[in-house]
Amino acid sequence: MNRISPVKIWRHQKETAFFLRKEGKIISWTLVRTPPEGFEREAPYPVVLVELEKGKRRMGQLVDWQDKDLRVGRKVKAVYRRIKQPDPEGIIPYGIKFKPI
Amino acid sequence: MKIEVLGVGTTKFGELWEVSPRTLVKEAVSEALSDANLKLANIEALYVGNMLSGILGGQENLGALFAEELGLFVPAFKIEGACASGGLAVHNAINSILAGVYKTVLVVGVEKMTDYNPGEVVSALMGAGHDEERLAGMTFPGLYAMLARSYMEKYGTTERDLAVVAVKNHHHATLNSKAQFQFEVSVDQVLKSPLVADPLRLLDCSPISDGASAMILGSERQERSKTRKTVWITASSVATDSLGLVGRKDLTSLASAVEAARKAYKMAGVNPQDIDVAEVHDCFSIAEVIACEDLGFFPKGEAAGAIAKGKTTLGQGRLIINPSGGLKACGHPVGATGVKQIVEITTQLRGEEGLRQVKGAKIGLTHNVGGSGAVAVIHVLKNE
Chain A
1052 MNRISPVKIW RHQKETAFFL RKEGKIISWT LVRTPPEGFE REAPYPVVLV ELEKGKRRMG
1112 QLVDWQDKDL RVGRKVKAVY RRIKQPDPEG IIPYGIKFKP I
Chain B
32 MKIEVLGVGT TKFGELWEVS PRTLVKEAVS EALSDANLKL ANIEALYVGN MLSGILGGQE
92 NLGALFAEEL GLFVPAFKIE GACASGGLAV HNAINSILAG VYKTVLVVGV EKMTDYNPGE
152 VVSALMGAGH DEERLAGMTF PGLYAMLARS YMEKYGTTER DLAVVAVKNH HHATLNSKAQ
212 FQFEVSVDQV LKSPLVADPL RLLDCSPISD GASAMILGSE RQERSKTRKT VWITASSVAT
272 DSLGLVGRKD LTSLASAVEA ARKAYKMAGV NPQDIDVAEV HDCFSIAEVI ACEDLGFFPK
332 GEAAGAIAKG KTTLGQGRLI INPSGGLKAC GHPVGATGVK QIVEITTQLR GEEGLRQVKG
392 AKIGLTHNVG GSGAVAVIHV LKNE
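Chains as they are written, first to last, in the numbering used here: chain A, 1052 to 1152; chain B, 32 to 415.
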């Protein structure tokens, strides 16, 4: 299920480039303890909803975090990270995550 | 508008490993037919509400599949709108009658979820979300946890305040022989259950369930049943919003539900204060709190307190919410839920619910939500 499409990753490149290094604030967050398929190895992991400059919003996982970073208002920056486990053909999906700054 | 609910039926909800989707549908439909005192030959079209059959089981084309199973080769349609698939199937069936295309229509909602492991089901349910949410490894408990977080920050609501929703709905389900969980839980049990997506715990969440519900709808009939009250659907409305949470202005309300409710109240010519009984989409405890406010039952920020005071509990309140046990305790076979809600309100308005009867109920409402609020379906019913 949910095989990774290299074409789709390629199509997302422009969007990914737009978000990279953008800074913003956490407006809501959760800690996912029951993950979907492909994310088991990272769980539990925080997912944050971030408001960037000019009001644009983006959801992504938070990396390099400590408990004190899990709060509304925390400043974060968009970074490029592996999204989930590679599929059987060995394609490693990368995308946007956030880290505290 | 006036659409008559001619007959209703529902299977037990739960972990039904020995039963196939075909058998579930057959059982719910035969109950609805006998309740309506109609034969299959009277049915002119079939609408099926389902979300996960394709993604989990690889089986699509459900209109034809259930037409075959029932031996009912009429026009048949599958309607999908995540957890609102059932409500959307009813809405489409109603529209077909209002358009004058059919006079008597069968609606079925069905879901078979427990054949698969939780990881598969969690991933499949995320089909209702936004691609960006899937890439974040998000889950539905996680999305509602974000709504809960925002709501709690804004109104100072606590986990304990949210837990009362589960306690009330479990209590109602003890009176429903078709409910998945027919036992009580306490606030402390909810607060001690494991975290699924902080701040939501296992007992804040509706379960993974199997089940089917069915109803037969018709244009106004000449002959009336003299032995029981007739139940009418007087409003059916749908509204949509952004697929994912990133597109929402407000994380403490579902704009789709507010809009669908506004249209439904206008269509039915009623106010929130006129509603005696409602089945709302409590996929998570926070969802019932937000639903009660979106529907205008309580002012913003006050629903959890009102629920805690018993204002929506059977035998205590004036406006009873989720007498079936809701999604939380009756169970949530996603495609069936929106149909089951109307089945429950219909039997409530007929006065046939026995122990969980809302006394003197005349006007009822159902609130069915798909995704994290991407689509909402509201129906208003009344008896005569």
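What the hints contain is simulated information worked out from the structure, not anything from laboratory work.
Some hints here could point you the wrong way.
[Stated by the list, open to error] Here are the simulated distance ranges between beta carbons: (1) B:Pro225 with A:Glu1066: 53 to 61 Å; (2) B:Val132 with A:Gly1106: 41 to 49 Å; (3) A:Glu1066 with B:Gly332: 32 to 40 Å; (4) A:Leu1071 with B:Gln347: 53 to 61 Å; (5) B:Pro303 with A:Leu1071: 18 to 26 Å; (6) A:Glu1093 with B:Ala72: 53 to 61 Å; (7) B:Gly332 with A:Leu1071: 35 to 43 Å.
[To be verified] Footprint (simulated), chain A over chain B, 3 or more residues, beta carbon under 8 Å: (8) 63 to 77; (9) 179 to 187; (10) 215 to 229; (11) 320 to 332.
[To be verified] Below, computed lysine to any residue pairings styled on SDA-like, alpha-carbon distance capped at 25 Å: (12) B:Lys57 with B:Pro238; (13) B:Lys280 with A:Leu1071; (14) A:Lys1076 with B:Lys57; (15) A:Lys1107 with B:Ala337.
These numbers come from a predicted model, not from an experiment.
Note that CB positions come from ideal geometry on N, CA and C, so glycine has one too.
Hints and how they fare:
Checked against the hint of 53 to 61 Å, the C-beta distance between B:Pro225 and A:Glu1066 comes to roughly 36 Å, which is inconsistent with it. Range check, B:Val132 to A:Gly1106: Cβ separation about 45 Å, and the 41 to 49 Å hint holds. Remark: the range hint 32 to 40 Å for A:Glu1066 to B:Gly332 is upheld by a beta-carbon distance near 36 Å. The hint said 53 to 61 Å for the Cβ distance between A:Leu1071 and B:Gln347, and at roughly 55 Å that hint holds.
For B:Pro303 and A:Leu1071, the Cβ-Cβ distance of about 47 Å falls outside the hinted range of 18 to 26 Å, so the restraint is violated. In this structure, A:Glu1093 and B:Ala72 meet the distance hint of 53 to 61 Å, their C-beta atoms being roughly 56 Å apart. For B:Gly332 and A:Leu1071, the Cβ-Cβ distance of about 38 Å falls inside the hinted range of 35 to 43 Å, so the restraint holds. Proximity of the segment 63 to 77 of chain B to chain A, defined as three or more residues with a beta carbon under 8 Å from a beta carbon of that chain, is not established by the 0 residues found.
Requiring three or more residues with a Cβ within less than 8 Å of a Cβ of chain A, the coverage given for the segment 179 to 187 of chain B holds, as 3 such residues are present. Given a C-beta distance limit of less than 8 Å, the hint that chain A covers the segment 215 to 229 of chain B holds, as 5 residues qualify and 3 suffice. With 0 residues carrying a beta carbon less than 8 Å from a beta carbon of chain A, the segment 320 to 332 of chain B misses the three-residue requirement, and the given coverage is violated. Annotation: proposed proximity of B:Lys57 to B:Pro238 holds, straight-line Cα distance about 23 Å (limit 25 Å).
As the CA atoms of B:Lys280 and A:Leu1071 are separated by approximately 23 Å, the hinted pair is consistent with the 25 Å bound. Of the supplied pair hints, the one linking A:Lys1076 and B:Lys57 is violated, its CA atoms being roughly 52 Å apart against a limit of 25 Å. A distance of roughly 36 Å separates the Cα atoms of A:Lys1107 and B:Ala337; the hinted pair therefore is violated under the 25 Å criterion.
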